[in-house]
Amino acid sequence: MLLASAKKLRSFGIIGMNQRNFGLISHYNPRHLYPLVDDKLKTKLLAQEAGITVPKLLGTVEYQHDVKLLKKILQPHAQFVIKPVKGSGGKGILVITEHDHNLYFKPSGDSIQLADIERHVSNILSGLHSLGGKPDNVMIESLIQLDPVFSDYSYEGIPDLRIIVLCGYPIMAMLRLTTHVSDGKANLHQGAVGVGIDMGTGHALHAVQYGEPVLHHPDTRKTFSELVIPHWDKLLQLAAACYEMTGLGYLGADIVLDRDQGPMIIELNARPGLSIQVANAAGLAPRVAVIEALKAIDPDPQSRAAFSKQQFTANAGTHPPRLLRTRSDDPKP
Amino acid sequence: MSPKLRLYILVFLIMGLGIGLISYKHFALGFPLSPDDKKSVWTIEAKIDFIARGDPVIVSFALPPKTPNVVFMEEDFASPGYGFSELASPAGRRAQWSKRTASGPQTAYYRLSMYETDQFIQPPIAAADLPAEPEKPEFDGVLKTAAITLLDQVRSKSANTEIFTRELIRTLNSNTPDQNQRLLLNDQSSEDYKTNLIIHLLASEGISAHIVRGLYLNEGRKRLSLTNFVEVYIGGRWLLFNQNTGENGKPKNFLVWQRGDQSLLDVIGGKNSKISFSIIKSIQSTRNLAVRDSISKQAGLIDFSIYSLPIEQQNAFKMILLLPIGALIVVIMRLLIGIRTSGTFMPILIALALIQTTLLTGIIIFLTVVGTGLLIRSYLSRLNLLFVARISAVIIVVIAIMASISIISNKLGIDQAMTVTFFPMIILSWTIERMSVLWEEDGPREVFIQGGGSLLTAVIAYLFMTNRTIEYLTFNFPELMLVNLALILILGQYTGYRLSELYRFHALERRNVTGKR
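These protein sequence lines are chains H and V, in that order. Letter 60 of the first sequence, counting from 1, is numbered 378 in this note's numbering, and no numbers are missing. Letter 312 of the second sequence, counting from 1, is numbered 513 in this note's numbering, and no numbers are missing.
The hints are simulated quantities; they were obtained by calculation from the structure and are not laboratory data. These numbers come from a predicted model, not from an experiment. Worth double-checking, as some hints may not be accurate.
To be verified - Partial list, derived from the structure: chain H residues whose beta carbon lies under 7 angstroms from chain V:
(1) Ala322
(2) Ala324
(3) Gly334
(4) Met335
(5) Asn336
(6) Ile343
(7) Tyr346
(8) Ile391
(9) Leu392
(10) Ser444
(11) Gly445
(12) Leu446
(13) Ala599
Beta carbons: idealized from backbone N, C-alpha and C, even for Gly.
Next up, chain V with everything else stripped away, as it sits in the complex:
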């Protein structure tokens, strides 16, 4: 295998691994690719009130099912003096509070924070979820006739079960009900009555259906109650129908609380039980939610990642993970553009300092320090010093310059200039030393070319490193480093011309064209 092929295979593997990890984090763990991605987090509080009669009390309350489309961040149960347990059964989760004796008004709370994910996974239907053959309901005399008439009417207008269900619900809800509908709905049409009516009517057609109770997630609402939906088993799937409009599908911002016929709330040993919901909405960044969710799920990739470090170290890494971007910029500037810089990676260090000082202030400070340093260095060169002593002297001079800039700017009230301390002193001293040697040997032109090249590269690196999206991506997808590495490996193979060489050799082209070879 030729070394070139081996390198390409390596690049391919690294790149693939990087992109694979990024996709896994994005698609499976829900990490957003943009820092501005926000999600609504709903905090739902269910308050259960009842009057205890002085006997043993058991309160059993249905809890919303965990589905892949919803992430439960936190669940709290509170009721002073009560024992509590959470029971799981095929029919759904239930919370159970119990107490030996209680009397008077009692309250229990259940609080849930949740958000909806972007995943649209249709969970496979569990065996327990398959419907039993519906029992033909018995309607009394008049009602029976009305039901049969209504069903005939609807059946004639529909081609399949889905349309039939929709039509049935629409007809029952029509603004101009005919006699049959009025009879069936019976004036006392409470929500529960209507739901049961629909389920019964469907059952007499041989269609399985059950009730679904859920909560519309609306901001800042209090004393809400659950809304009834009808779920119909069609073609091996459960379809949700709005019982007032006949629309199918789960509405947006709707949390399914309970499916099936079990009661929502059972209170043994109490009376006048009452349940009310209140909802508070908060906006949180998707990234934070994803990190939290992954940590709680103990996803290996996240559990052994930077997120597991203390916040302080995480912040340090935020900076460190930006360095590869700077390195990539330097590689591009030097290998593709052909810009000469003083010191290979000095531009990155300047860029890091610029991040702390902001761009304009940083450049002014840099030029001031280097300029003043060069002046003083030219004097030092006349003092006949040994090299190491001279560079040490330059370091002290640089520190003195920095101190004076800080003090003077403080007196003048220019706060920005105080950030001068973020510039790496030793690096600045070396820069000054090198530039001054360059000045003596190759003249000021070379100093401006290399100094300007370094500064230009630093500014470009700065612009990339401070870009919000790039900052976000490098920190939250450290796997990006692998992609970066692969790119640098490929660039290391580039043997074509640098942009600057197209200029360097431009006279050559002219002469060759005139045929004077």
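The following block holds chain H by itself, in its conformation from the complex:
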């Protein structure tokens, strides 16, 4: 069947765009807090203050005439990532893995020249990739090293973990794996694989590519059933701590695992998408209902992470979703 029945989706607790915008984003995220996460430099500073590991900042470019300085900034670094400070959805990110005289190599092996990088930076500065086309800044970060755990599940890129955090409680997680078709980007729209992760154990649950279930990685042919995310407790605590950091009630934390430095926060999102439900084959609504039913929010991120871990584990099977209340039948405040 091409269309799902709305009634069934509702019984699974799937949240739609309208409900996300209305019931979650506008309900939990005060507008004035957006700049904290829309501006990646601010997020980085916040995270550093909170003692959270972030990729090292190698330099920034603020003005058009500073583009000339790029050569000097990039000189000492063999590997780096160029990002728009206010970019969204992974747009405008340029990854360089090798640097040889005037040639810079992308993960795919394509080589580009300094002039190409300069143009890219200049485009970012004029706001090509920013939300609403506003002028933007450029930040240059150190490259994240692929954790060997993922080497079998990733193609020409770094997978990242998206954890949805509601009022400080992690409620759902998804691993995004780069593929050949996604051009090394962890973007589901472009063909990256989304893998639903069991909140209790960090085991892979399901995987989807282009919204359809897949059993193994399309490029490496590795089955997902063996995939387990290491440092799972640490990751959950990291995500939970983002609540205190930003004050946003509903956010998506993007976390990567660095081979040398462990879990790092690369980006926070005030408007996380809904594909995570497809990857997990589960709706957000029942989990939202559990959190909303709590009388008080635990001030300690660690115990919040522990609560989520125990509450939302897949094996427990104690919460068939259709028995749970969904937001839509909540009594309105």
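Assemble the complex: chain H is given as a structure, and chain V must be docked to it using the hints.
Coordinates of chain V only, in the frame set by chain H:
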């Protein structure tokens, strides 16, 4: 009060106000709900001829009464050299022409344009309209016997006054009159004689009645005269009877000119006075008539409305008032269907351009301009330009493309393509810029999804905005905007699934059904 309840109350109020105003305009001011509603407007000319004797002349002429069922658009009085005044009395309006001295043939004109409304209001009977106790008429010898026989005959066949009147008129008009009827009608039966006879016969039964003169409204007739009817006071109401058939009720297309016994025309100082009517019919749109009537009545709603603006501004508003319809379509397409468009309200602007260019031409032009623009933009991106400079360059390119389309199509003799200028250039440039960025970042698939979504939304908005009835309603009932606003407020509360999400999550349903949760 919860915000939700407050919103619903607001929606309810706005909706109620909108619908209320629309109903008021429709029912009280007579604005039709369909653009095709037409009415017959009758122009009646009464021509009064007489020969003046060289003395002071006064011509007094009965004018038709103003009733709620008839709207008088215009009344003209003309007679060269005469003083004129219109006199109102309880018995009815009269026109009066006067002159110190006149001799020879004289003519006076009265012209009236009127139409009948759809309202069926029975005006309350004014005190002056109540009948006096009828005087028992005196019939001479033979006639008296005939009248009594006739009345007995009719009375035996009737149960109430209404039937009695009808029967009386039928019997008098029967094809095979008996002796009594022939005697009463007396061969010299002119219309006026017959009318008076009926009134007298009714009076001798104690029934009040008076004469009504009126005009059958028939197209293109000349030298008409008034037709006599009998109006009978029954049960607190005046009922109109056709004196030749006995049917009661006012016939269709019949204008009551004069009620009661006053003369139709009095000429003092003249002789051989003669009156003739001619009628011309014209068809006019009900809406125009309603606007005109409301303006002349100074109905507040209309007096302070778009109609009071100069025509040019009115035309501009015709377009502007269509925009809310487009906005509603965009809201529905995005919130309920979940179609992605490039730029929230760009589809409306495309739809506006389509209105000017017609659908097919517009789409071809749009695709040509955007397609060519994308090609040239992809070249510009290699030139390493700053953003603002690049988009300005795209604007110039778009204008150049438009100019070439116009010139080439002109040479080829395709006139439609000349309408290309109606497309908003800046918006097109932005579209091109955005699409090309989208192409670079998300690939051509996304460009087709968003471009197609925008175009689809624009076409649907276009189809609604060019619908004759919708166009008519939005302009003539700007109150519709309130209803539209209320709908949009309600849609803004919709938190259910979008249609596209039912597709997006369809794989989910399958997996959940197989129990592999």
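Quiz item: Which of the listed hints are not met by the structure?
Solution: The structure breaks hints 6, 7, 8 and 9; every other hint is satisfied.
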